[in-house]
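Each protein sequence line maps, in turn, to chains A and B. Note that the first sequence covers residues 1 to 310 in our numbering. Note that the second sequence covers residues 311 to 597 in our numbering.
None of these hints come from the bench; they were simulated from the model. Computed from a predicted model, the values in this text were never measured in an experiment. Don't be surprised by glycine CBs; every beta carbon is placed ideally from N, CA and C. Treat each hint with caution, since some may be false.
[Said to hold, decoys possible] Simulated DEER-style distance windows between Cβ atoms: (1) L356/B to T162/A: 16 to 22 angstroms; (2) L345/B to K28/A: 48 to 54 angstroms; (3) I52/A to L326/B: 48 to 54 angstroms.
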Amino acid sequence: MAESVAQQQLARAGATGKRRRRVFKDGKGWLFVGPFLAVFAVTFLAPIGYAIYLSLYRNQAFFGGTVFVGLDNYTQALQDPKFWEAFGRVAVFLVVQVPIMLVLALLAALAIDSARLHAAGFFRIVIFLPYAVPGVVAVLMWGYIYGDNFGLAANLNDLLGTTAIQPLSGTWMLPSIANIVTWEFVGYNMLIFYSALRTVPGELYEAAAIDGAGTFRTILAVKLPALRGAIVIATIFSIIGSFQLFNEPNILRTLAPNVITTYYTPNMYAYNLSFAGQQFNYSATVAIVMGIITAIIAYVVQLRGSRESL
Amino acid sequence: MSTVTSPLRPKRSKLLTGVMVLYLLYTIVPLAWLLLSTTKTQDDLLSTPGLWFGKSFAFFTNIKDTLTYNDGIFLRWLGNTVLYVVVGAGGATLLATAAGYGLAKYKFTGRRAVFAVLLGAVAVPGTALAVPTFLMFSNLGLTNTVWAIIIPSLVSPFGLYLMWVYATDAVPGELLEAARIDGAGEVRTFFTVALRLLAPGIVTTLLFAMVSTWNNYFLPLIMLSKPNLYPLTVGLTQWSNQATGVGARPIYNLVVTGSLLTIVPLVVAFLLLQRFWQSGLSAGSVK
Numbered sequence: 001m002a003e004s005v006a007q008q009q010l011a012r013a014g015a016t017g018k019r020r021r022r023v024f025k026d027g028k029g030w031l032f033v034g035p036f037l038a039v040f041a042v043t044f045l046a047p048i049g050y051a052i053y054l055s056l057y058r059n060q061a062f063f064g065g066t067v068f069v070g071l072d073n074y075t076q077a078l079q080d081p082k083f084w085e086a087f088g089r090v091a092v093f094l095v096v097q098v099p100i101m102l103v104l105a106l107l108a109a110l111a112i113d114s115a116r117l118h119a120a121g122f123f124r125i126v127i128f129l130p131y132a133v134p135g136v137v138a139v140l141m142w143g144y145i146y147g148d149n150f151g152l153a154a155n156l157n158d159l160l161g162t163t164a165i166q167p168l169s170g171t172w173m174l175p176s177i178a179n180i181v182t183w184e185f186v187g188y189n190m191l192i193f194y195s196a197l198r199t200v201p202g203e204l205y206e207a208a209a210i211d212g213a214g215t216f217r218t219i220l221a222v223k224l225p226a227l228r229g230a231i232v233i234a235t236i237f238s239i240i241g242s243f244q245l246f247n248e249p250n251i252l253r254t255l256a257p258n259v260i261t262t263y264y265t266p267n268m269y270a271y272n273l274s275f276a277g278q279q280f281n282y283s284a285t286v287a288i289v290m291g292i293i294t295a296i297i298a299y300v301v302q303l304r305g306s307r308e309s310l
Numbered sequence: 311m312s313t314v315t316s317p318l319r320p321k322r323s324k325l326l327t328g329v330m331v332l333y334l335l336y337t338i339v340p341l342a343w344l345l346l347s348t349t350k351t352q353d354d355l356l357s358t359p360g361l362w363f364g365k366s367f368a369f370f371t372n373i374k375d376t377l378t379y380n381d382g383i384f385l386r387w388l389g390n391t392v393l394y395v396v397v398g399a400g401g402a403t404l405l406a407t408a409a410g411y412g413l414a415k416y417k418f419t420g421r422r423a424v425f426a427v428l429l430g431a432v433a434v435p436g437t438a439l440a441v442p443t444f445l446m447f448s449n450l451g452l453t454n455t456v457w458a459i460i461i462p463s464l465v466s467p468f469g470l471y472l473m474w475v476y477a478t479d480a481v482p483g484e485l486l487e488a489a490r491i492d493g494a495g496e497v498r499t500f501f502t503v504a505l506r507l508l509a510p511g512i513v514t515t516l517l518f519a520m521v522s523t524w525n526n527y528f529l530p531l532i533m534l535s536k537p538n539l540y541p542l543t544v545g546l547t548q549w550s551n552q553a554t555g556v557g558a559r560p561i562y563n564l565v566v567t568g569s570l571l572t573i574v575p576l577v578v579a580f581l582l583l584q585r586f587w588q589s590g591l592s593a594g595s596v597k
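All chains should be modelled from the sequences, with the hints used to inform the complete structure.
As structure tokens, then:
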């Protein structure tokens with residue numbers, strides 16, 4: 001998700017209008033773009049092509065070798081209850097976690113930008129801090145905190161004299177994962193929103209003040225419209241992130257192997273098909289189906305986001 | 311940073327600050343737990359309250375044990391991580407900077423096509439590519455080498471966007487024309503004139519590329535099976551997994567201490583470079 005700042009820059013550059021720029025008309029640009037594109041072809045385009053190729057073949061169980069099966073793998077994936085269970089789980093995750101995370105990030109950005117906060121700079125940097133914590137470390141840390149061995153969940157249970165708090169149990173697991181992801185990424189999204197807020201020209205606030213707009217009116221009429229591009233971008237990247245959910249459940253799996261299945265998320269399913277099941281062709285198919293679904297949803301969000309701005 | 315956004319200069323609100331302090335606690339408590347846990351022995355970890363010190367103060371012993379456990383494999387992982395970050399993120403930044411500059415300052419046939427391909431590619435989930443990339447690299451004999459981690463880290467499409475947008479405004483065309491009239495070649499102009507102007511954008515791109523390389527887990531997990539090539543992230547989870555399974559020999563105290571040591575460099579980098587990346591982030595917006 002790191003890179004969505006750039007996306008956001010891109011959106012902003014479009015929004016604030018093209019400045020006068022002089023561009024040279026000749027082929028020397030390839031000199032600079034070429035190296036990037038060469039590596040890009042190896043690391044992005046080639047694997048995509050290879051995945052598509054793989055998805056059209058299937059291993060023969062008895063004869064060895066592979067055989068061309070057309071779209072059979074896709075038919076299988078679309079009828080695979082494990083795939084749909086995994087998909088449903090990340091869909092629920094997305095619908096609940098992403099709005100919570102983005103609203104928290106938005107509120108934090110508005111508060112920090114409001115000039116009503118004591119020590120706003122301190123809040124900004126500390127709330128951003130979890131982003132600098134490697135996701136793996138965040139999960140290990142929260143995993144221990146959740147544990148009933150030691151950690152805060154155990155302490156709380158002792159304190160309250162219950163055993164009711166079981167963050168790693170079946171019903172609590174998805175919210176527990178959502179909490180880790182929220183903890184990791186609120187600060188990052190906050191920073192995106194905050195950067196967008198800083199671009200609002202001061203005259204707009206002056207105009208709003210002259211019109212007698214209060215704090216909340218200013219937020220609704222000036223700040224939120226200015227944030228539209230940033231919100232669309234952050235939403236798209238959160239959607240992609242949710243559909244790709246892997247690290248958190250995969251690491252927590254060692255703590256709760258009975259709760260987290262090998263097909264807990266689509267990504268875990270693709271991973272385990274490959275590395276535990278040696279079903280590379282089917283694994284590639286699952287990855288492609290998931291990629292297509294993600295791309296379509298991201299595209300729809302982008303369309304809706306830009307349509308509303310008209 | 312001064313708050314010049316609003317000309318009204320509203321009064322600071324204790325209520326708002328109070329509410330934000332609650333959120334701040336949510337952010338800090340896990341980190342405080344981690345910090346306190348690094349001061350405990352394994353016994354204390356299991357038997358004393360999480361948010362306070364244990365009976366003993368084992369911070370330095372823990373650090374020593376973490377660095378020396380298993381013949382100092384942690385330092386090896388740290389070295390690997392640094393290698394992947396320096397070459398991977400450094401290379402990614404260089405490639406993105408050059409390409410962004412090229413796209414912003416030169417008009418050439420195929421420029422539109424580059425844009426379309428990049429947009430399409432970023433919509434594909436990165437991890438969906440991981441399995442095919444693994445199989446491809448496996449066929450090429452690249453798995454279990456440092457290249458399996460470094461090559462995929464070299465491309466940051468969003469770094470390219472950032473540099474593209476940044477270069478568009480930060481490098482005036484007049485300056486490049488002047489350099490040309492002086493007879494400087496294109497590459498030399500890039501290195502002597504453009505790079506300096508692009509510095510805040512470069513620091514921002516580098517920092518975010520560093521974070522994604524330092525935090526990389528999925529890619530090394532599938533590409534590497536030799537522990538002496540692991541980065542910290544994969545190594546730490548391996549230590550953590552020792553706690554479960556047959557013949558389990560948990561080393562919780564080393565996992566928490568190792569976790570802290572893994573966090574520190576990035577946090578320090580973000581704090582020290584604050585001025586740069588914050589100006590880089592708001593770069594596109596300078597009026």
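Hints and how they fare:
1. L356/B to T162/A: 16 to 22 angstroms: For T162/A against L356/B, whose Cβ atoms are near 20 angstroms apart, the range 16 to 22 angstroms holds.
2. L345/B to K28/A: 48 to 54 angstroms: holds, 53 angstroms
3. I52/A to L326/B: 48 to 54 angstroms: holds, 52 angstroms
In this structure, every one of the numbered hints holds.
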